[in-house]
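J.: Sequence lines, in order, name chains W and P.
Just so we're aligned, residue 1 is where the first sequence starts under my numbering, counting upward by one.
Just so we're aligned, residue 1001 is where the second sequence starts under my numbering, counting upward by one.
Derived by calculation from the structure, the hints in this document are not laboratory data.
Since we're looking at a predicted model, the values are computed, not measured.
Don't be surprised by glycine CBs; every beta carbon is placed ideally from N, CA and C.
A hint or two may mislead.
25 Å max Cα-Cα, derived DSS-like pairs, lysine-lysine [stated by the list, open to error]:
id, chain 1, residue 1, chain 2, residue 2
1, W, LYS88, P, LYS1119
2, P, LYS1091, W, LYS192
3, P, LYS1140, W, LYS243
4, P, LYS1225, P, LYS1202
5, P, LYS1184, P, LYS1218
6, P, LYS1379, P, LYS1422
7, P, LYS1130, P, LYS1184
8, P, LYS1207, P, LYS1191
9, W, LYS192, P, LYS1080
10, P, LYS1068, P, LYS1091
11, P, LYS1110, W, LYS192
12, W, LYS192, P, LYS1130
13, P, LYS1191, P, LYS1161
14, P, LYS1119, P, LYS1140
15, P, LYS1130, P, LYS1119
16, W, LYS88, P, LYS1091
17, P, LYS1202, P, LYS1091
18, P, LYS1091, W, LYS243
19, P, LYS1331, P, LYS1422
20, P, LYS1031, P, LYS1225
21, P, LYS1161, W, LYS192
Some residues of chain W that are not near chain P, with every Cβ distance over 12 Å (derived) [as the list claims (entries may be wrong)]:
id, residue
22, ILE39
23, ILE79
24, LYS88
25, HIS112
26, VAL166
27, SER228
28, TRP232
29, ASP274
30, ILE282
Pulled a few chain P residues facing chain W out of the computed Cβ check, cut under 8 Å [what the hints assert, rightly or not]:
id, residue
31, ASN1074
32, PRO1075
33, ASN1079
34, HIS1087
35, LYS1091
36, LEU1092
37, VAL1093
38, ASN1094
39, GLU1095
40, LEU1104
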Amino acid sequence: MSNGEFSIPLIHNSISIMTPFLLAAIGGLMTELGGMLNIALEGLILIGAFFSVIFAAATGSLFLGILLGILMTIFISWIFGAITLYLKANVFITGLATNLLAGGLTAVLSFHLFGTKGVLMFNDLPSLPSLNVPALHGIPVLGDILFGHNILVYMSWLIVVVAWIVIYRTPFGFRLRGTGSNPNAMSALGLKPQNYQMIGILISGFTCGLAGAVLTLNLGAYVPNISSGRGWIALVVIYLGGKTPFGILGAAFVFGLAESLSNYAQGFMDIPADFILAFPYIITVAAMVIMSVIQTRRED
Amino acid sequence: MESYLSMRNISKTFSSTGLKANDNVNLEVRKGEIHALVGENGAGKTTLMNILYGIEQPDTGTIMLSGKEIMITNPLAANKAGIGMVHQHFKLVNEFTVAQNVVLGTEPMKGAFFFDNRKAEADVAAVIEKNRFHISPEMKISEISVGQMQQVEIIKMLYRKAELLILDEPTSVLTEQEIQRLFKTLRELIKQGKTIIIITHKLAEVKDISDRITVMRKGRVISVKDTADVDESEISRMMVGKSVVFDFDKGVDGCRDAVMSLENVTIKKKRQGRPILDGISFEASTCEIIGITGVAGNGLTELEDVIAGLERISSGRVYHNDQDITNITPKALRDRGLAYVPTDRLKRGSSLETSVKENLILTTHHDFMNSGGVFDEVKINEHSKRLISEYLIDGHADVPIGTLSGGNIQKVILARELEMVKDFVLFSEPTWGLDIASSEFIYEKMLEMRARGVAVILISSNIDEILALADTVIVMYRGRIVAKKASGPELTREVIGEYMLGLKDDYSTDDDCSSDNDHSKNDFKGEDN
Chain W
1 MSNGEFSIPL
11 IHNSISIMTP
21 FLLAAIGGLM
31 TELGGMLNIA
41 LEGLILIGAF
51 FSVIFAAATG
61 SLFLGILLGI
71 LMTIFISWIF
81 GAITLYLKAN
91 VFITGLATNL
101 LAGGLTAVLS
111 FHLFGTKGVL
121 MFNDLPSLPS
131 LNVPALHGIP
141 VLGDILFGHN
151 ILVYMSWLIV
161 VVAWIVIYRT
171 PFGFRLRGTG
181 SNPNAMSALG
191 LKPQNYQMIG
201 ILISGFTCGL
211 AGAVLTLNLG
221 AYVPNISSGR
231 GWIALVVIYL
241 GGKTPFGILG
251 AAFVFGLAES
261 LSNYAQGFMD
271 IPADFILAFP
281 YIITVAAMVI
291 MSVIQTRRED
Chain P
1001 MESYLSMRNI
1011 SKTFSSTGLK
1021 ANDNVNLEVR
1031 KGEIHALVGE
1041 NGAGKTTLMN
1051 ILYGIEQPDT
1061 GTIMLSGKEI
1071 MITNPLAANK
1081 AGIGMVHQHF
1091 KLVNEFTVAQ
1101 NVVLGTEPMK
1111 GAFFFDNRKA
1121 EADVAAVIEK
1131 NRFHISPEMK
1141 ISEISVGQMQ
1151 QVEIIKMLYR
1161 KAELLILDEP
1171 TSVLTEQEIQ
1181 RLFKTLRELI
1191 KQGKTIIIIT
1201 HKLAEVKDIS
1211 DRITVMRKGR
1221 VISVKDTADV
1231 DESEISRMMV
1241 GKSVVFDFDK
1251 GVDGCRDAVM
1261 SLENVTIKKK
1271 RQGRPILDGI
1281 SFEASTCEII
1291 GITGVAGNGL
1301 TELEDVIAGL
1311 ERISSGRVYH
1321 NDQDITNITP
1331 KALRDRGLAY
1341 VPTDRLKRGS
1351 SLETSVKENL
1361 ILTTHHDFMN
1371 SGGVFDEVKI
1381 NEHSKRLISE
1391 YLIDGHADVP
1401 IGTLSGGNIQ
1411 KVILARELEM
1421 VKDFVLFSEP
1431 TWGLDIASSE
1441 FIYEKMLEMR
1451 ARGVAVILIS
1461 SNIDEILALA
1471 DTVIVMYRGR
1481 IVAKKASGPE
1491 LTREVIGEYM
1501 LGLKDDYSTD
1511 DDCSSDNDHS
1521 KNDFKGEDN
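Start from the sequences and build out the full structure, keeping to the hints where you can.
T.: This is how it looks when you write it as structure tokens:
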């Protein structure tokens, strides 16, 4: 079936593309549940992207690159969290500041270390290992779709499951949700809402660091502003996914599919390129409108 | 008799306002008693209890429990010492179940990592069983009544093994039935050996429930008495320094012209069988206070919104001076001169973070601009200065209104609204949570409006207030008017109570009256449980 030949690689590709959205959104969910809209996701992804690739190049180890990249992102998210929660700054201002810091810091360091503010190529970087299970690869359709991705893709799925368990089955997740819903209820019992929000922010640092690593290590290069709005779309994914980990998995796939479709369409469809590139964003707007219509209906 | 709790020489000054909330306060509470802490708003009761519960730290003074001095640095420490507090404003997570709210912070665990929801429900069910509450641990907070929410707050403290329970204004949000149920629960707890401190300024309740009374005024303890030895007017005298009896003249006859009239006003919502408002008709006339009362949840809130133009009606008509104003915008209604003192004075009535003087011109700011379209500061300052002195507002014109006490916030709203009044004014729960002096001030203003010929609509769930002020009393039950009566000696608390609770209905369309009554009684029980 010619249809299947077209759609299987398309879906396979969508799964790769959705991974950064998924990771950033899961991290963002943790702060969202704690009652804070985390607009710093975009900047945190950029930090993770930059540091994981340069550390990987410097150490020659993908593992160390990812680890140090994530630690760096967690560090930046800690600064963001500390200023917001303990020094009581407005979360939108500090989030905006984090995004500006990420852009500036990466540009300055790039120029300082490599003499350019442009693209950094790392040709001798090993590529991310893929997961191939030849025995299962034989499963028709599903095998082709689910296998052959790099290991970070599978890690992101594992993170979705772990996030679900943490949110719904542990005291931390329970208290985090309590904080988001009514911080006064927490304070009245002597619990400190900020502490739970802080952990949520650090988790978003972790997942955004990983999301950034996916971007650069896949490419073997760092491109300025490589996050290119994924952190913002991740915020939409959180809402579209109904603020649940598995909902977010589904919503992230929708965006992966949209981007993947626009990549394919550029190849052989006679549609203006600008329009095709705008496709994921049009999906974003449409999704938000549909969501809000459904919500208003429900409340009526 | 030896004291179980003794707080000695407690003083607390708030650095932000310089207000001495507690001035060398001594409080002695005996084991197994219900101790009433009474006083007007701002007398320092809540501050004292916040100190006992570790929310505030005293500047000086000691706290002894069972003869041992204890340090209470935060609510967790208070819980550990066996002290529990039920706040006036509930602190519950709406999305969580009863059980989840109760165990929050001290969750039962399954293994080292997992929260054991089933055990939480079982543990909470045991507490509910033991204390004879009527509530299911699996229900979500968003599904239960206000009275049940309060039960959850009490269960929360009992789950934490509280021996000394502090209840801050526990009856202010409850219906008459819920109050009786609460008192039954409190007596039950005393039988189990608990000790209770109850903060209130409702004197009848003090007489009803407490063993001893500590009266506070302006940060000091005025008197400590056995409840049996004092009567209500004596307590009232101690609280305010003078006896307060609400006895006002009724309006004069002969100048009744309809100003605002509602005809068959009905609101229906999707997926809701019973209309929220069902065929409401009445006239608000000049020289008259029309009092509308009922138990919360029976349509008072919606009626407030309709009169204020904030809620669209599904059918029926509304007239102002014989002109049809059905579903016109709030702005258009205000332009017609509607003055409105809303129930929610913090969210709807004022802008908490803006200054007193700005709040005073919220509805009339267009009149305070100079020809360049910029605010005329001089004019605004004069305006606020005049109103602050005229309305006895205790607060500076330039401070955010949110820093004022509840009574003073209400006076600012009152000043703003009554300044723009033309021929009709709506007061909704105008004295909710206010002390007697502030309430009296508001009543005087209301009577002044009536004397000026303004049509006054008073929506209030406080029966005493309705009886004291209204010339015509309307009682609402389940979205309908069930009684419309002229005030008079035969219209008593008990009579209104029967209508409010659905025991009587002057406008019943059902021929089979008795079955209808049974039906409504059962419904009420259902809501209460």
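J.: Run every hint past the structure and note whether it holds.
T.: Checked hints:
| no. | hint | result |
| --- | --- | --- |
| 1 | W:LYS88 <-> P:LYS1119 | 37 Å, violated |
| 2 | P:LYS1091 <-> W:LYS192 | 14 Å, holds |
| 3 | P:LYS1140 <-> W:LYS243 | 19 Å, holds |
| 4 | P:LYS1225 <-> P:LYS1202 | 16 Å, holds |
| 5 | P:LYS1184 <-> P:LYS1218 | 32 Å, violated |
| 6 | P:LYS1379 <-> P:LYS1422 | 22 Å, holds |
| 7 | P:LYS1130 <-> P:LYS1184 | 14 Å, holds |
| 8 | P:LYS1207 <-> P:LYS1191 | 19 Å, holds |
| 9 | W:LYS192 <-> P:LYS1080 | 17 Å, holds |
| 10 | P:LYS1068 <-> P:LYS1091 | 30 Å, violated |
| 11 | P:LYS1110 <-> W:LYS192 | 23 Å, holds |
| 12 | W:LYS192 <-> P:LYS1130 | 31 Å, violated |
| 13 | P:LYS1191 <-> P:LYS1161 | 15 Å, holds |
| 14 | P:LYS1119 <-> P:LYS1140 | 17 Å, holds |
| 15 | P:LYS1130 <-> P:LYS1119 | 16 Å, holds |
| 16 | W:LYS88 <-> P:LYS1091 | 22 Å, holds |
| 17 | P:LYS1202 <-> P:LYS1091 | 23 Å, holds |
| 18 | P:LYS1091 <-> W:LYS243 | 23 Å, holds |
| 19 | P:LYS1331 <-> P:LYS1422 | 15 Å, holds |
| 20 | P:LYS1031 <-> P:LYS1225 | 16 Å, holds |
| 21 | P:LYS1161 <-> W:LYS192 | 21 Å, holds |
| 22 | ILE39 | 23 Å, holds |
| 23 | ILE79 | 28 Å, holds |
| 24 | LYS88 | 15 Å, holds |
| 25 | HIS112 | 44 Å, holds |
| 26 | VAL166 | 9 Å, violated |
| 27 | SER228 | 35 Å, holds |
| 28 | TRP232 | 27 Å, holds |
| 29 | ASP274 | 43 Å, holds |
| 30 | ILE282 | 32 Å, holds |
| 31 | ASN1074 | 5 Å, holds |
| 32 | PRO1075 | 4 Å, holds |
| 33 | ASN1079 | 7 Å, holds |
| 34 | HIS1087 | 6 Å, holds |
| 35 | LYS1091 | 4 Å, holds |
| 36 | LEU1092 | 6 Å, holds |
| 37 | VAL1093 | 5 Å, holds |
| 38 | ASN1094 | 6 Å, holds |
| 39 | GLU1095 | 5 Å, holds |
| 40 | LEU1104 | 6 Å, holds |
The structure is inconsistent with the numbered hints 1, 5, 10, 12 and 26, although it conforms to all the rest.
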